[in-house]
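Colleague: Produce the entire structure from the sequences given, and follow the hints as far as they go.
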Amino acid sequence: MGGTTDLAELTGAELADALAAGETTSVEATRACLDRIEALDGTLGSFLHVDAEGALAAAAEADERRSAASPASPLDGVPVAVKDLLCTVGQPTTAGSRILEGWVPPYDATVVTRLRRAGLPILGKTNLDEFAMGSSTEHSAYGPTRNPWDTERTPGGSGGGSAAAVAARLAPLAIGTDTGGSIRQPGALTGTVGVKPTYGGVSRYGIVAMASSLDQAGPVTRTVLDAALLHEVIGGHDPLDSTSIDAPVPPVVEAARRGDVAGLRIGVVKELGGEGFQSGVQARFEESVQLLTEAGATVVEVSCPSFAHALAAYYLVMPSEVSSNLARFDAMRYGLRVFPEGVDDPSAEQVMAATRDAGFGDEVKRRIILGTYALSSGYYDAYYGSAQKVRALVARDFGRAFEQADVLVSPTAPTTAFRMGEKLDDPLAMYLQDVATIPANLAGVPGLSLPAGLAEDGLPVGVQFLAPLQADDRLYNAAAALERLLLEKWGGPLLAPSATEEVSA
Amino acid sequence: MSVEITRDDVAHLAGLARIQLDDDELDRLGQELPKIIESVATVSQALEGAGEVEPMSHPTPLRNVFREDVVHECLTPEAALAGAPASEEQRFMVPKILGEE
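Just so you know, the sequences run in chain order A and B.
Each step along the first sequence adds one to the number in my numbering, with nothing skipped, and position 297 is 297.
The number in my numbering is simply the position in the second sequence, starting from 1, with 1000 added.
These are calculated hints, taken from the structure and not from any lab test.
None of these values were measured; they are calculated from a predicted model.
Please note that a few of the clues may not be correct.
What the hints assert, rightly or not - Coverage of chain B stretches by chain A, computed from C-beta distances (three or more under 8 Å per stretch; other residues unrestricted):
#: 1; stretch: 1030 to 1040
#: 2; stretch: 1046 to 1057
As the list claims (entries may be wrong) - Derived lysine to any residue pairs resembling SDA-like cross-links, with alpha carbons at most 20 Å apart:
#: 3; chain 1: B; residue 1: Lys1035; chain 2: A; residue 2: Gly259
#: 4; chain 1: B; residue 1: Lys1096; chain 2: A; residue 2: Ser303
#: 5; chain 1: B; residue 1: Lys1035; chain 2: A; residue 2: Ala308
#: 6; chain 1: B; residue 1: Lys1096; chain 2: A; residue 2: Ser347
#: 7; chain 1: A; residue 1: Lys270; chain 2: A; residue 2: Leu291
#: 8; chain 1: B; residue 1: Lys1096; chain 2: A; residue 2: Phe339
#: 9; chain 1: B; residue 1: Lys1096; chain 2: A; residue 2: Pro340
#: 10; chain 1: A; residue 1: Lys270; chain 2: A; residue 2: Glu287
#: 11; chain 1: B; residue 1: Lys1035; chain 2: A; residue 2: Glu422
#: 12; chain 1: B; residue 1: Lys1035; chain 2: A; residue 2: Glu363
#: 13; chain 1: B; residue 1: Lys1035; chain 2: A; residue 2: Ser347
From the three backbone atoms N, C-alpha and C, an ideal C-beta is built for every residue, glycine too.
Modeller: Structure (structure tokens):
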């Protein structure tokens, strides 16, 4: 094990400290990550594109700022991986779809602009289910990502690439997006930390839109503090996103450093657990609640009856927005253009239909058609209209629960990592993976998933915290407390085995 | 609640969505869609006894967002056209849009 490998093992905060102390350089740390990507990612498939040259150039600039004692941010020089749903100048942005193969955007997403401005070298773009539609990263047009805990299993999705890269220490930090759980569920399945900030807390500008009223970008890391540090870099008002919240970022870093649950009221959501949840998942969850109780939290049970219908409402609202958002892929201005076979002088409409058939994968087509159906006249009120009302009930349930509790807690996902292919032919079984994460997206409230230990199958389990709108700091406070208690219990962090190194050799 | 969606319905929806599905895809979606729709149709039952509920389109209250009408940097024509499948004279070149049969 060389010195550079050790650097890849550091958390973002540890690396930032080492850079500030002049003990290492960003170039060395970035190279350590690139070496690890080179060694392991042939097996894992977590990156769709690696930008070694760009990352090393950004790292060299960070080192100059550090030596001049004028770092651009606390994370200046700490490398980051970015989900391939965010636009990046100079790097392809495919959204995991053939329809955008090779497309290089002419502008950066605001999140990317902020990463660059804060001095974080961007290692590359991470794999995802096509257009972020899926819960296993098997729906990527460029091949699946594998779970570093067991390469026969999926890392969850849609952000399986970011989660696997961080779990395998290919990157200390990554960016994900979460429309129904795509940051938190992969976090649970790979033993990493994932945060979906309050809707509007992080700009959506330059992020390929899936369901605009649900999409939210957020941090993917190995520790709660790292997530908070990254959250602070990417969060805050952006005039380029009209739904961006015009208010300061909640004090997330301070909360992550505090981690004190004494006197905190924690609500266990009755409807998110028990039946349908794997026994090992339920057991780790209950132990986490017990630890929080011992640390002085008051645990109450809260009931959110409409959560039982959140999944159904989500699978109407989301595809409806998808069918509208993905209309932009029309083969006219950018992306793939395919001409229909056997048609002389085809019309724009025929080219559009042929391109969308060739460029979109099965799950994307399924959701577009479903959304087209739900929005059809005659069905609109029964489906989309009703779903919007259920959405209001979900938000109301959250409001009532937060009168009784400061934060809510539940298992993040109903199971541990499942085998590749296991749910691929059963869309409904796949959709159930997001049963506990979806309510937060419908209501817009923030959520965080934290590793809670291993289940009976030796695979990681996630525990999820939920907080009221714009109270993201509460997530970090509660999660930091639980993280500390768990680390004391385990005697160290929960890390995915590095055994994949042998596999790739 | 059982849902009737025929293969022809799927073909019609695909036409509306401008996706030229092949026969296999139509067959498969014709099987899958009714099951998915049946499972999400429970939303209407969820509302029984809930009284008047205002539909929610968005998690946070939407308001108009204004800015000063000032000129600022934007994409050059070259950058805007860089990803186009075809372009000519600083314009997107598209297949014929008139004279369809």
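Colleague: When the hints from earlier in the document are held up against this structure, which numbers fail?
Modeller: Structure breaks hints 3, 4, 13.
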